[in-house]
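Student: Top to bottom, those sequences are chains A and B. To convert, note that position 209 of the first sequence is 209 in the UniProt record's numbering; the numbers rise steadily by one, no gaps. To convert, note that position 345 of the second sequence is 345 in the UniProt record's numbering; the numbers rise steadily by one, no gaps.
Wrong hints could be hidden among the right ones.
[Claimed, not checked] Here are the computed lysine-lysine pairs in the DSS-like style, where the Cα-Cα straight-line distance is at most 30 Å:
| no. | chain 1 | residue 1 | chain 2 | residue 2 |
| --- | --- | --- | --- | --- |
| 1 | B | K438 | A | K178 |
| 2 | A | K284 | A | K320 |
| 3 | B | K223 | A | K320 |
| 4 | B | K320 | A | K320 |
| 5 | B | K145 | B | K223 |
| 6 | B | K438 | A | K284 |
| 7 | B | K178 | A | K320 |
| 8 | A | K223 | B | K145 |
| 9 | B | K223 | B | K78 |
| 10 | A | K320 | B | K284 |
| 11 | A | K438 | A | K284 |
Everything labelled a hint here was simulated from the structure, so no lab data went into it.
Protein chains: 2
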Amino acid sequence: MPYTSPVSDFRFLFDHVVDLARATETELYADATPDVIEAILTEAGKLCDEVVAPTRRAGDTHPAVLENGVVRTSPGFKEAYQQIAEGGWVAIAASPEHGGMGLPQAIATAVNDMLSAANLSLQLCPLLSQGQIDAIEAHGSDAQKALYLPKLISGEWTGTMNLTEPQAGSDVGAARAKAEPNGDGSYAVSGQKIYISWGDHDVAENVCHLVLARLPGAPEGTKGLSLFLVPKYIPDEDGTLGAANSLRVVSLEEKMGIHGSPTAVMEYDRATGWLVGAEGAGMKAMFTMMNNARLGVGAQGVGIAEGAYQHALAYAMDRKQGATASIVDHADVRRMLASMKADIFAARAITLACGTAIDMARATGERDWDARAALLTPIAKAFGTEVGMRVADDGVQVHGGMGFIEETGAAQYLRDVRVTAIYEGTNGIQAMDLVARKMMDGGEAAFALLDEIEEVAETARATLPDLATPVWQATETLREAVEWLVAESNMNARFAGSVPFLMAFARVLGSYYHLRAAMAEPEGSRARLARFYITRLLPEHAGLIAHARSGAEDLFAITPDDLAA
Amino acid sequence: MPYTSPVSDFRFLFDHVVDLARATETELYADATPDVIEAILTEAGKLCDEVVAPTRRAGDTHPAVLENGVVRTSPGFKEAYQQIAEGGWVAIAASPEHGGMGLPQAIATAVNDMLSAANLSLQLCPLLSQGQIDAIEAHGSDAQKALYLPKLISGEWTGTMNLTEPQAGSDVGAARAKAEPNGDGSYAVSGQKIYISWGDHDVAENVCHLVLARLPGAPEGTKGLSLFLVPKYIPDEDGTLGAANSLRVVSLEEKMGIHGSPTAVMEYDRATGWLVGAEGAGMKAMFTMMNNARLGVGAQGVGIAEGAYQHALAYAMDRKQGATASIVDHADVRRMLASMKADIFAARAITLACGTAIDMARATGERDWDARAALLTPIAKAFGTEVGMRVADDGVQVHGGMGFIEETGAAQYLRDVRVTAIYEGTNGIQAMDLVARKMMDGGEAAFALLDEIEEVAETARATLPDLATPVWQATETLREAVEWLVAESNMNARFAGSVPFLMAFARVLGSYYHLRAAMAEPEGSRARLARFYITRLLPEHAGLIAHARSGAEDLFAITPDDLAA
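Input sequences plus hints: build the corresponding full structure.
Tutor: Dropping the structure here:
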């Protein structure tokens, strides 16, 4: 079932839904002309369709393996990765100073989306490099930038993130890995890290690990963590690779999905590393990496949803049954396909709006755009991956019995996408971030966004009242929930409904972007899809908000003994 | 992570929620005294915990294989199956006339639930035998009953259902398999059937296939289908096995889950079979088998949910993080666990209410009970399996990164349960059945159930107003939806929202059963869980009903071209 990158969807979203032009009219992105964007999207789409997508199934059926301490990746991965790298696609948003294209993050998000649809396991490799590039750009020394950035941006070297330890999952502050000064400016890094995606591989010549570890005498918790850059092979100043570092892959995990992505248990045994950023500022640097990666993971969810949707649609169009031309004429099959498409649009718009906000923040330096990006990041991550899971699940269902057979390929999307709701901070962690940290401004960023929605809905009332009115009303309901939230000082009361709150916020945001699409094409296909979404899916927000506003009392009244009863 | 059968939950549900006593007070079930029920549940629970559950992981890691035309099942399956059979657990509801225990279907449903939690792949084998026993009890000749029922009930032989052909999935009427009279009362059955669960194996000595096929000159469509009993080895009148029949396993499917259940492509090449029921009445007979199996599959979903819940709870109770005693103290983890438990209760109550309605129909012969059972069957199947999927998915999420690692065992629940939403009629087919066939009475059966709920809610208002009021209101909203539905003569308008309608119906039913539980224990653990469900999960019904009542126009306005755009 060939995958076709939805290039024109991205163009439409940029032009009519998320206003990318605001960013590309700034000096910073002056090179990103409409022609350039068109060319970038088209070329990326071609690469994904023709080079990357054909490797997807092999990643599943021939997982990466560890042989004599060396990781061998799935058939075709090395060649496809090299074409990604040679085309300059690893980090198109990276700074031109070190070889990047300096394109808007919104465009990079679109490319990540397409690459993920084509092969999630493989795309994870450049996504991690992107995060590492961001971290080094923001926190690395000039020498580190000069040495590492060109190699990472070109894809000759790849990056990893090393946070998790066996005893410390989401609670990163419990990490025990150690770093001791060697006296020559380098450090000896020791410890075990788990869930290291692309911890080792054969698709590029070097692997650069960013490792959180504790210096001697460092305090407990996250404040005692520093960040170290630990390369697999130690480069000289020119980037020529020297000795192998003292680190190894202990084992690869056998996972539910993304079999093509080698997930390593890494062991560092006085491995040579260099401090990135200040001592004790490791979490801060890591957050730079993670925030970007969170938007990237949201785009992974959307990409997988797109792949699963196309796969299911092609099957349904081809499948005859009874008197119908195809099963697409069955109401329930059409409902599933329309829901899938409508949700993909909503989730994709949120990721691109988040990317655009990042671009606006970079281009204008305005704090409001920073706040907008910060607000949208957890929503983009959690809703993008939630949509990825739902759509992949519906994709299996559209296939009927065939969906459960591995050869069909539908199940792989569902197994692969499952991890996206877990890594880079579980979706529960995203929701906590949204209702706590992202509401520390008293809801200012949220209210600004809700004001924008209501303003657009007011405008749309004249021409599309049946769509504009429910969007406006849902936004008011959401506003009341935000007001409740910021007034609630008991954090557990916020947390107890945080996931439903995030999902309600995403539902409403999705209706806003659908409304904008309908305004751009009031008689077209996009207005019909918007009508479906607003009539059938948006009403979900009310139940979610009721849940979100329930507080914590009834929840904590259910004791652990009750749960075990 | 050991599984413990929730025996006391079943006792509570029978006694306080679904009124099984009404059935056991009838003459038909007079033997099912409270002591007998207690003993049955306890013994079944022990078997599941000690014998069956330990084989679950091996089914996943060592799938059934086809070797030289013979299926070899997973390690430990044969021994566990034999203990199931020897204990008389294959078909406890089967008629005592042929060796069954004649127990209520509600009890059989509880046992199916526990067996599924312990090992879904293995449980599927006796579940199929149960369906075959029902079909032969209802439609077989006296000779067929005398020959086959004792062997199937004892588990010495097992049963399969052969409906699906490669070109005919849910559209069974397109089946092409043929049967020609041999002149001696037997028939030569030829054709290929796919997705035949337990189509061959080594856990019992014979496999009896019920095969839908067409007699010469039979009309097109479902009316031309007759049902044939085609044994793997042809028995003589005493049940002694003779020659191998002319049938074979072409291949086994590689599936997303239930690896321990051999899913065969079967080839019949003039295999000897015997007509069950009248010529052309194959679908009718098959529906007897399927209706029972549908309730059974609903119980599978609930069982898997229970297994996944226990697995996640044990992990969460044990997992320390940060300053908390365990991650159960994190609000979002507790929310997930409470949702899982509350949904399991709701779905389980629906399956047991359905079983009880079947028992009442059998015991009293009253048509109202038949109608109640018919109404509840698609809800029990679709909601039971939906809850199975959601809970297994949350179970993975509670585990965090560990959930995605196969060794943990959480992912197996999710992969295994996925098929239950597809087989025995996809959940979309169940929803169509609910809004069409099950509403052909003008909504009478539905209204009778809603009347019952409102009556109980009225009674509860005095003591539990905060629970009774929303249940009553939700029931009214559902009543309006049923009224809308039965007045809607355009079937596509019903079908377009049929799945959301079914889920809304289940949500409301779940709140009813939770309310009854709270009434029985107003200060206890069950009331706290009911409060959680009614406050947080029940509000979902409103959005679902809005979706259900949207009609078909906006849906079919989205053309196949729009979907492909």
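Student: Taking the hints in turn, state whether each one holds.
Tutor: Hint check results:
no., hint, in the structure
1, K438/B - K178/A, "66 Å, violated"
2, K284/A - K320/A, "56 Å, violated"
3, K223/B - K320/A, "20 Å, holds"
4, K320/B - K320/A, "53 Å, violated"
5, K145/B - K223/B, "25 Å, holds"
6, K438/B - K284/A, "59 Å, violated"
7, K178/B - K320/A, "22 Å, holds"
8, K223/A - K145/B, "75 Å, violated"
9, K223/B - K78/B, "39 Å, violated"
10, K320/A - K284/B, "24 Å, holds"
11, K438/A - K284/A, "16 Å, holds"
Hint violations for this structure: numbers 1, 2, 4, 6, 8, 9, all remaining hints satisfied.
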